[in-house]
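Chemist: Single-letter residue listing:
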Amino acid sequence: MSRTYVLRTVLVWTLLELLAALQVPAVGGGPVLFSWLRTLIEPVAMVARGSVDLAVDLGLGARGLQRAMVENRQMRIDLETLRARQMLLQADLAALREIGDFAGPDGEFGAGALVGRCTYRDLIAGTMEIRTARSFILAYDTPVVSAGGLVGRVMRSEGHRHWLQLLTHAAAAVAVQTDDSLVHGLALGTGSNALTIAYVPRQAELERGALLVTSGGDGIYPPGIPAARVTRVRESDEPFLEVTAVPTADLHSIRMVLILPKWAPAPSGGPP
Amino acid sequence: MRAKIAILATVTLILQRALGMPGMPAWCGHFILPMIWIVAASLVRKERHWPYEALLLGLAWDLLFGPVVGPGGIAWTAACLSLYGLASVVADRSPRAWAAFGAVGAVVVILVQRLAVMPLGLASFLTFGQLVWSAALTGLWCGFVGMVLALDLGEHWRAYQVRKLR
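Protein sequence lines correspond, in order, to chains A and B.
Counting in our numbering, the final residue of the first sequence is number 272, and the numbers go up one at a time with none missing.
Counting in our numbering, the final residue of the second sequence is number 1166, and the numbers go up one at a time with none missing.
What the hints contain is simulated information worked out from the structure, not anything from laboratory work.
Among the clues, some could well be false.
Claimed, not checked - Restraint ranges, calculated between C-beta atoms of paired labels, are given here: (1) S51(A) - I1005(B): 28 to 38 Å; (2) R8(A) - I1005(B): 15 to 25 Å; (3) I41(A) - G1023(B): 43 to 53 Å; (4) Y1052(B) - I41(A): 24 to 34 Å; (5) P1022(B) - T4(A): 42 to 52 Å; (6) L1151(B) - L22(A): 19 to 29 Å.
Unchecked claim - Some chain A residues judged to face chain B by a derived CB distance under 8 Å, without partners named: (7) V10; (8) W13; (9) A20; (10) A21; (11) V24; (12) S35; (13) D57.
Since the structure is predicted, the reported quantities are computational estimates derived from the model, not experimental observations.
Beta carbons: idealized from backbone N, C-alpha and C, even for Gly.
Using the sequences provided together with the hints, build the complete structure.
Modeler: And the structure:
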């Protein structure tokens, strides 16, 4: 019996069965054939509906996941921003406390002292830019100090922004003395972090580690502000000792400074 | 020849209808008279092709006796194919073979037709006794026809006429 023979038999029998099913009414109305077709189509339709629902759910899930990822990323950014802001605020708070501790007990600094924030520094050039909350025109040579000690003087002022000459500037000079006022000298900037203390007599008793404070002899800085600490003392053929010191203020890391406008010298001169 | 067979097949269908008429004995309904045509086709015909004649016979059976048209065609073609297969392995062509083929054809027709209407919800009650009765009576009918053909009564009648004319 050939395959064609079998196929023809199956085909004819199927057609006859479908013909019979078309004639028999089903329980719910309509031919039995339609109920068969519904029975055949229903699983396919169910699978199709399920597939569509699954695709829709997957799409919604993917969109929700994407939205959640975006929100998560934004929240991470916000969190990092808040952390950074918190760190900055903590640093500012610490600096303000230092400034407060430094300026508070001293009545001379408390009146009229302004707080400035360091925004830029160039230690090689010996300059620093600070900003104040309010707009001021500071006088030339207005002294600026920090919790560590003397920082420098105002070279230029423009509203909120003020430019300082650090005491390490190559052209800077500060009149200093020891705590007991027995030894006097002139701290000269060298363009580096070191200071040269000039005009210290050979017979002066100065030791390494001695603290030098401003003497006020230069007419710019108020007396008694810590300015430098001696790192090296050497005798030479010159009539003065070769003394090297470093600023007491950490110029690398200071964030807040205190401006002392009341100690600004009389406007007799101006920027050279 | 085909027209004559078609007319005779129609006659058997009409007789089958008559067997089920009111007043006839109940056992007459177990006869399947048109079965003789597919038995003859399987035992006499040399060339075999797909049984379209059985299909037409089955559809006619459905038109006359069935609730729907279709299952009869399946049943009668199935019976014809079964008898084709049986005739290819059985060499006997005696009236006894006609009777056996008729019985087998009846069983196949009845069973396949019940199977075909089962998905439609139209399957009726069938007992083994009914099946045996149908097989037996249909086999007797086919065996009777086979015996008549074996006796070749037409030839005897023609010889009798020739002798009478002399």
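Chemist: Taking the hints in turn, state whether each one holds.
Modeler: Hint check:
| no. | hint | verdict |
| --- | --- | --- |
| 1 | S51(A) - I1005(B): 28 to 38 Å | 57 Å, violated |
| 2 | R8(A) - I1005(B): 15 to 25 Å | 22 Å, holds |
| 3 | I41(A) - G1023(B): 43 to 53 Å | 50 Å, holds |
| 4 | Y1052(B) - I41(A): 24 to 34 Å | 33 Å, holds |
| 5 | P1022(B) - T4(A): 42 to 52 Å | 46 Å, holds |
| 6 | L1151(B) - L22(A): 19 to 29 Å | 47 Å, violated |
| 7 | V10 | 11 Å, violated |
| 8 | W13 | 5 Å, holds |
| 9 | A20 | 3 Å, holds |
| 10 | A21 | 6 Å, holds |
| 11 | V24 | 5 Å, holds |
| 12 | S35 | 10 Å, violated |
| 13 | D57 | 38 Å, violated |
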